[in-house]
Amino acid sequence: MTDRFNLYRFSSPATFYPLAGAMIPYFVAVSALFGIAGLWLGMLVAPTDFQQGEGYRIIFIHVPASWMSMFIYLVMAFWAAIGLAFNTRLSGMMAQALAPTGALMAFLSLWTGALWGKPMWGAWWVWDARLTSELILLFLYIGYMALTAAIDDVRRADKAGGLLLLVGVVNIPIIYFSVKWWNTLHQGSSVNLAKSSMATTMLWGMLLMAMCFWMYSIAMALMRVRTIMLERERHTDWVKKLIAGDEK
Amino acid sequence: MIHWASFSDFLAMGGYGLYVWGSFGVTAFVMAIEPITIRRNRSATIIRLQRQLRAETRNAAQ
Amino acid sequence: MLTLIAAVIKRDLKLAMRRQADMVSAIFFFIIVVSLFPLGIGPEADLLRKLAPGVLWVAALLATMLSLPRLFADDHRDGTLEQLALAPHPLGLVVTGKVIAHWLVSGLPLALIAPVLGLQFDLSTEALLAVTLSILIGTPALSGIGAIGAALTLGLRGGGVLISLLVLPLYIPVLIFGAGAVDATVTGLGGEGHLSLLAALTFASIGFAPWAAAAALKIALE
Amino acid sequence: MLTLIAAVIKRDLKLAMRRQADMVSAIFFFIIVVSLFPLGIGPEADLLRKLAPGVLWVAALLATMLSLPRLFADDHRDGTLEQLALAPHPLGLVVTGKVIAHWLVSGLPLALIAPVLGLQFDLSTEALLAVTLSILIGTPALSGIGAIGAALTLGLRGGGVLISLLVLPLYIPVLIFGAGAVDATVTGLGGEGHLSLLAALTFASIGFAPWAAAAALKIALE
Amino acid sequence: MLEADNLECVRGERRLFAGIGFTLAAGELLYLQGKNGSGKTSLLRMLIGLLPPESGTIRWRGAAIKSDDYRADLCYLGHLNAIKEELTPLENLLAGARLADARLSEVEALAALEQVGLAGREDLACKYLSQGQKRRVALARLVNEKRPLWILDEPFVALDSAAVDWLAGIISAHLQRGGLAVMTTHQRVDIAAGALRELRLG
Amino acid sequence: MLEADNLECVRGERRLFAGIGFTLAAGELLYLQGKNGSGKTSLLRMLIGLLPPESGTIRWRGAAIKSDDYRADLCYLGHLNAIKEELTPLENLLAGARLADARLSEVEALAALEQVGLAGREDLACKYLSQGQKRRVALARLVNEKRPLWILDEPFVALDSAAVDWLAGIISAHLQRGGLAVMTTHQRVDIAAGALRELRLG
Ligand code: HEM
Ligand SMILES: Nc1ncnc2c1ncn2[C@@H]1O[C@H](COP(=O)(O)OP(=O)(O)OP(=O)(O)O)[C@@H](O)[C@H]1O
Ligand SMILES: Nc1ncnc2c1ncn2[C@@H]1O[C@H](COP(=O)(O)OP(=O)(O)OP(=O)(O)O)[C@@H](O)[C@H]1O
Ligand SMILES: [Mg+2]
Ligand SMILES: [Mg+2]
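Chains as they are written, first to last, in our numbering: chain A, 929 to 1176; chain B, 957 to 1018; chain C, 134 to 355; chain D, 134 to 355; chain E, 238 to 439; chain F, 238 to 439.
Hints listed in this document are in silico derivations from the structure and should not be mistaken for laboratory results.
Virtual Cβ for every residue (Gly too), placed ideally from N, Cα, C.
Incorrect hints may appear among the rest.
Reference listing, derived: stretches of chain F covered by chain D, where coverage requires no fewer than 3 residues with Cβ under 8 Å from a Cβ of chain D [stated by the list, open to error]:
#, region
1, 278 to 291
2, 329 to 338
3, 347 to 355
4, 417 to 426
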């Protein structure tokens, strides 16, 4: 219609669907590259931690998973805000596509943390503020998924879920700052740009793994959003055409 | 440059093998399962939609 | 008779599935309540271990109880209950089916998840087993007794909380024997005695409660 | 504006009175849950004293939560909610009124009865005072946050338990500060810090929650 | 076959009616009339045995109505639809039949739903249906209903005129087969019956 | 005063109607017709602003309807009665008025209840009332209703014929005063109006 670059065009499912399909392989590949590099640095090169022995290597999963669990929630809340403000169709789909991956990351954070806690603290689980708030985060993800699943009308589900996401977003700063606010067992922040307390190889391994998890999450979300789009837009012509041609 | 003396050392992880490999194993498992379920879901959806579409066109033809 | 009970169970399970939330959320309520206590009480492992049986059982009891108001309320509101009361077979059988369905949705899952939660409290393997067994054996009694409460409070709008009031006192023996079984196992006294008492309670209430509940329903319908 | 809020409060209180059960039964639920614990855990006085803040607070939280499903459900079912949404003033004000009424019925009585129950746990006078104060200050936040959950799950039949799932995670900070205030008083650290945090939570949620809940109600009515 | 004798109804402190009696034979329709609140619903609930009358007796085939046999002969449709909002019309119909000990195959159920004009909505949860469509789901029960005594409380409410005609036809057919029916309605609807008895309350 | 333009309604995946439009001036009655499930209730919910239309616009006195002002001019009566079963008719009426920002004295409320034939039942909890009496409680609101736009969804349901006549009179009087009304009903009821517009859905 207009020659101008039109942002709305990309937020229309019909354009976004093939775009997402084209991007997925790249994200998967980049994620795999980062993953290999990160694992190589972290598992093979990085030295032993003088306090924690080799057990610290869990950090290469634990921290990326923890970061992603919080980050994905923030992204979902962002989409929710967009959706509620501008009533775009895509935003609700994105939030719903992200939720399972976010929940998975929260689960991984808890799981690896628990496996780490046993050798370091002598218990699988302690009721420390950070651990608890991460658990709350998992519950928020599950609550969001349960709520959207319970509402059959997708537009209503998007709006109600979005509202819940915005209300629950207060939990994120609580998780992040919990180590500062309460004096707890869990380790404080050790990634510091100016002066890091970690060996450089460790730090780089962790950052590479974080990139790997990030790209992985994007790829998963894109894959999932494509299915959601087909489902929701099944009465539009573009989906009908696509499905009729797609005999796989 | 490689930190480990032998492969068994690598597996033992300085005595923390169970915990480290428990973490990595579950993570790898979950990350492998997730895309598979998404794909499954997707093809199931497509098949269902195709069935619905066929039913619709049949009804419209009648 | 069995086909009737099976039909009721099938319908109620289908409804529970349809409401999706129902299936998982009794479990989640259980999980969350169990997890709340350490938050309120603090993280000392010794203290928590001592609390565990009590907390797990109280939480199981509350989770079961929370789903009671809906046991008959929906059927009452939309007129289905009238139809059931008019069907040419004893209402007690229908209620038996509903009680069993209720247990399948809200009791059984608790028993399955309980050992995992027990881990959070640092319980030993035998203790975990005792928790699972006692909840498995005890929750049918909770569903049965609960049905009476649900039937008695039907149509009284204060329902939800009134049920608790009626039902909790009757739940106390179950709670005592259930938590007692776990406690006895932990302290090495052996929980069999408690468990068989629990089984007796369950049999009695599954046999008797549906008929009492059916009588209460007839009154509510007048 | 104030007259509107007052009208809503008056109506809701009248309804609560009329349903009789409502008024007393949140308290009774509280009493029974608190009294269940000594039964499940055993009678050691030292242990009980340590438990008291946590148990009282968890029970208060559950009692408040149990009455949430009814907050909007009745109005929704009989069409009153539509009428309220159509009235020529912001729906948030109406919800504010309903939240206050909910607190008056289900929060305030708990604060009043809590010291009596605290006696069962052998608490000192300061601790009792801290219990009362923290529950008094904290429960409005519970009602406010709960309203959001109640509004979001409105009309979803799985309601009751889904609310718990949504609301409990958000209740946890209140629980931690509330129980923390009592704990700090008992251990002689002084609970003022916790109490003022609690007050902040309450103000924030009373101010903000009704509007979020109103938005959720509009969605539910579509 | 259905005899009521000297019935009295007291709700709260108000005597709604007293000395009401009638007999109804096969193929006959009892048309219950009266203002709002005159006690029609109350009388019907007495007939189905859910509300014990203050005084008076009700007999079916000569016996008192407190038996499973009576309930096996009875089909009641009240102000409420007795459908589950979460289930689809098809599921509602099948579950209802199974619980009432009636045999109903899926094919028959689908045909019944088509007859009440719900073709295409068989698989949509009932909460999405319109008021009249919900009522139609409740009425679909009557399509295959072979029990002799039908008691219908304002069955025409919320129906559009096509559905009203259809329902009148179904009731006529039932009466022609030798069934009995007791009915209330504020709308005037013509039904062909062996004999039309009218009873006015209040 | 009320203008709807090119309205489209989609529920679930079903397009119920599209391209619906009308204008309604003071003293006019819009009589919405259509089969069960044709979208009448959905259209009314769009008019009151609770259901956002898929496309199209609705204007009241020239302005979009998303404002408190519009709601101050609007009186809606739905399928549901919006009465509390635990409260008495009198309490229901007074509480309803207060929450809708309308002034209503107890004397006026009692007179309204008497007019709808509930004299003697003012102090009985609504759960004891009959179906038609409950509807009458809901309708009693209209007696003192001065807001210009009435939107009524099947107001005649469950009423006996005396009540139907009374309600038709009330609506006529409202139109004569220069009010507007939008109404659905499956029963044919004659109402004297400045102009009667009909709109058929489906
Ligand atoms: C289930 C238990 C655990 C949970 C839920 C958990 C949660 C988290 C979260 C959310 C973060 C990211 C927050 C941030 O970067 O500031 C994090 C980071 C971290 N966790 Fe854990 N954790 C757990 C157990 C452990 C254990 C047992 C250890 C080691 C003894 C540990 C060590 C770390 C470290 C070193 C970081 C990185 C902090 C940084 O560099 O910023 N965690 N954890
Ligand atoms: N507790 C009570 N005290 C006084 N009156 C009562 C009580 N309970 C019920 N009633 C009255 O009993 C009557 C019940 O009427 P019923 O429901 O049988 O009427 P109906 O003829 O079916 O009316 P409708 O045509 O409106 O359906 C009502 O008039 C109601 O006011
Ligand atoms: N999620 C959905 N999927 C498909 N159809 C739906 C969905 N939700 C609602 N509908 C349809 O939308 C229509 C709603 O109709 P509405 O309640 O507006 O009808 P109405 O004209 O008021 O009917 P009545 O005369 O029975 O009151 C129904 O036909 C219903 O089947
Ligand atoms: Mg009646
Ligand atoms: Mg309608």
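Structure-based check of each hint:
{"no.": "1", "hint": "278 to 291", "verdict": "holds (count 5)"}
{"no.": "2", "hint": "329 to 338", "verdict": "holds (count 6)"}
{"no.": "3", "hint": "347 to 355", "verdict": "violated (count 0)"}
{"no.": "4", "hint": "417 to 426", "verdict": "violated (count 0)"}
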